[in-house]
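Engineer: Let's have the full structure, built from the sequences with the hints guiding it.
Protein sequences appear in the order of chains A and B. Using this note's numbering, read the first sequence as starting at 67 and increasing by one per residue. Using this note's numbering, read the second sequence as starting at 238 and increasing by one per residue.
Treat the hints as calculated values from the structure; they're not laboratory data. Any given hint could be a false lead.
[As the list claims (entries may be wrong)] Residues on chain B that point at chain A, a partial pick, calculated with CB under 8 Å:
no., residue
1, Tyr-276
2, Pro-277
3, Glu-279
4, Gly-280
5, Pro-281
6, Ser-286
7, Ile-287
8, Phe-299
9, Asp-335
10, Met-336
11, Phe-338
12, Ala-340
13, Gly-341
14, Arg-343
[Unchecked claim] Covered, in the sense of this in silico footprint (three residues per stretch, anywhere, with C-beta under 8 Å from a C-beta of chain B), are these stretches of chain A:
no., segment
15, 140-153
16, 157-167
As the structure is a prediction and not an experimental result, all values here were calculated from the model. Backbone N, C-alpha and C fix where the C-beta goes; we use that ideal spot for every residue, glycine too.
For reference, the chains in residue letters:
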Amino acid sequence: ETGVTQSPTHLIKTRGQQVTLRCSSQSGHNTVSWYQQALGQGPQFIFQYYREEENGRGNFPPRFSGLQFPNYSSELNVNALELDDSALYLCASSPTTGVQFFGPGTRLTVL
Amino acid sequence: DQQVKQNSPSLSVQEGRISILNCDYTNSMFDYFLWYKKYPAEGPTFLISISSIKDKNEDGRFTVFLNKSAKHLSLHIVPSQPGDSAVYFCAASDNNNDMRFGAGTRLTVKP
Chain A
67 ETGVTQSPTH LIKTRGQQVT LRCSSQSGHN TVSWYQQALG QGPQFIFQYY REEENGRGNF
127 PPRFSGLQFP NYSSELNVNA LELDDSALYL CASSPTTGVQ FFGPGTRLTV L
Chain B
238 DQQVKQNSPS LSVQEGRISI LNCDYTNSMF DYFLWYKKYP AEGPTFLISI SSIKDKNEDG
298 RFTVFLNKSA KHLSLHIVPS QPGDSAVYFC AASDNNNDMR FGAGTRLTVK P
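Structural biologist: Below, the structure is given as structure tokens:
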């Protein structure tokens with residue numbers, strides 16, 4: 067059984083650019099959540115997808131968007147990048163209800 | 238708004254002694270609480286959870302206590318081991334899709 071994987075591990079972008087981060091869920095999990103973790107803070111909930119539909123959203127602007135695919139893998143897209151978007155982005159998968167299991171994260175740096 | 242708070246950014250204990258990590262929350266709708274630990278360059282790893290219908294859950298060296306009236310939970314690790322050194326996050330949710338995290342407590346267990 068493979069765990070949650072994320073790609074890329076590191077990414078450097080400049081202000082105004084767009085970025086796509088990817089996540090493969092743990093086998094058997096149909097729910098995926100995305101979190102942003104800024105330095106020195108806990109993860110902040112961005113949104114969750116369940117069976118390809120958005121199933122909850124945190125306090126993030128619309129330029130943060132996502133997709134979940136039929137195989138339950140997922141993407142996080144961020145448009146018009148700002149310096150404050152620099153953070154560790156974490157993906158977590160879970161069964162319909164239950165504990166969320168996290169991937170190793172993608173470190174995004176916006177210059 | 239910070240609905241989950243970990244007021245101690247760091248904790249240092251001697252190997253073999255008890256580690257007690259604390260967490261407070263403000264939202265009375267939270268009904269599921271989790272502890273994750275995080276090593277550098279890795280995603281958070283699930284440690285232990287408790288639902289609001291219980292006041293204690295134990296798993297080996299780890300015990301989580303929940304005091305609903307005080308909106309407080311704690312994680313006890315006994316005996317502490319050097320390998321327990323990590324950042325510990327407390328998390329809470331009311332519907333499993335919007336999980337709120339504290340800012341974390343860095344535990345150092347000295348040999």
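Engineer: Against chain A, with CB atoms and a cut of 8 Å, does the hint on B:Pro-277 hold up?
Structural biologist: Nearest chain A Cβ about 11 Å off; hint violated.
Engineer: Per the CB criterion, is B:Arg-343 less than 8 Å away from chain A?
Structural biologist: 10 Å, violated
Engineer: Hint check: is the beta carbon of B:Met-336 less than 8 Å from a beta carbon of chain A?
Structural biologist: Holds: closest Cβ of chain A sits about 6 Å from B:Met-336, inside 8 Å.
Engineer: Return the status of the interface hint for B:Tyr-276: holds when the least beta-carbon distance to chain A is below 8 Å, violated otherwise.
Structural biologist: 10 Å, violated
Engineer: Closer than 8 Å between Cβ atoms is the bar; does B:Asp-335 clear it against chain A? Give me holds or violated.
Structural biologist: 5 Å, holds
Engineer: With a cut-off of 8 Å, does the beta carbon of B:Ser-286 approach a beta carbon of chain A closely enough for the hint to hold?
Structural biologist: Holds: closest Cβ of chain A sits about 6 Å from B:Ser-286, inside 8 Å.
Engineer: With 8 Å as the cut and Cβ atoms as the points, is B:Ala-340 at the interface with chain A?
Structural biologist: 5 Å, holds
Engineer: Would you settle whether the hint for B:Pro-281 is holds or violated, based on the nearest Cβ-Cβ distance to chain A being less than 8 Å?
Structural biologist: Holds: closest Cβ of chain A sits about 5 Å from B:Pro-281, inside 8 Å.
Engineer: Can the hint on B:Gly-341 be confirmed by a CB-to-CB distance to chain A that is less than 8 Å?
Structural biologist: 6 Å, holds
Engineer: Please count how many residues of the segment 140-153 of chain A have a CB within 8 Å of a CB from chain B and say whether that reaches 3.
Structural biologist: Our answer is that it is violated, as 0 residues pass the Cβ test (under 8 Å) against chain B, missing three.
Engineer: A closest beta-carbon separation below 8 Å is what the hint needs, so does B:Ile-287 meet it against chain A?
Structural biologist: Cβ of B:Ile-287 sits 12 Å from chain A, so the hint is violated.
Engineer: Are at least 3 residues of the segment 157-167 of chain A within less than 8 Å of chain B when you compare beta carbons?
Structural biologist: Since 7 is at least three, the answer is holds.
Checked against the numbered hints listed earlier, the structure breaks hints 1, 2, 7, 8, 14, 15; every other hint is satisfied.
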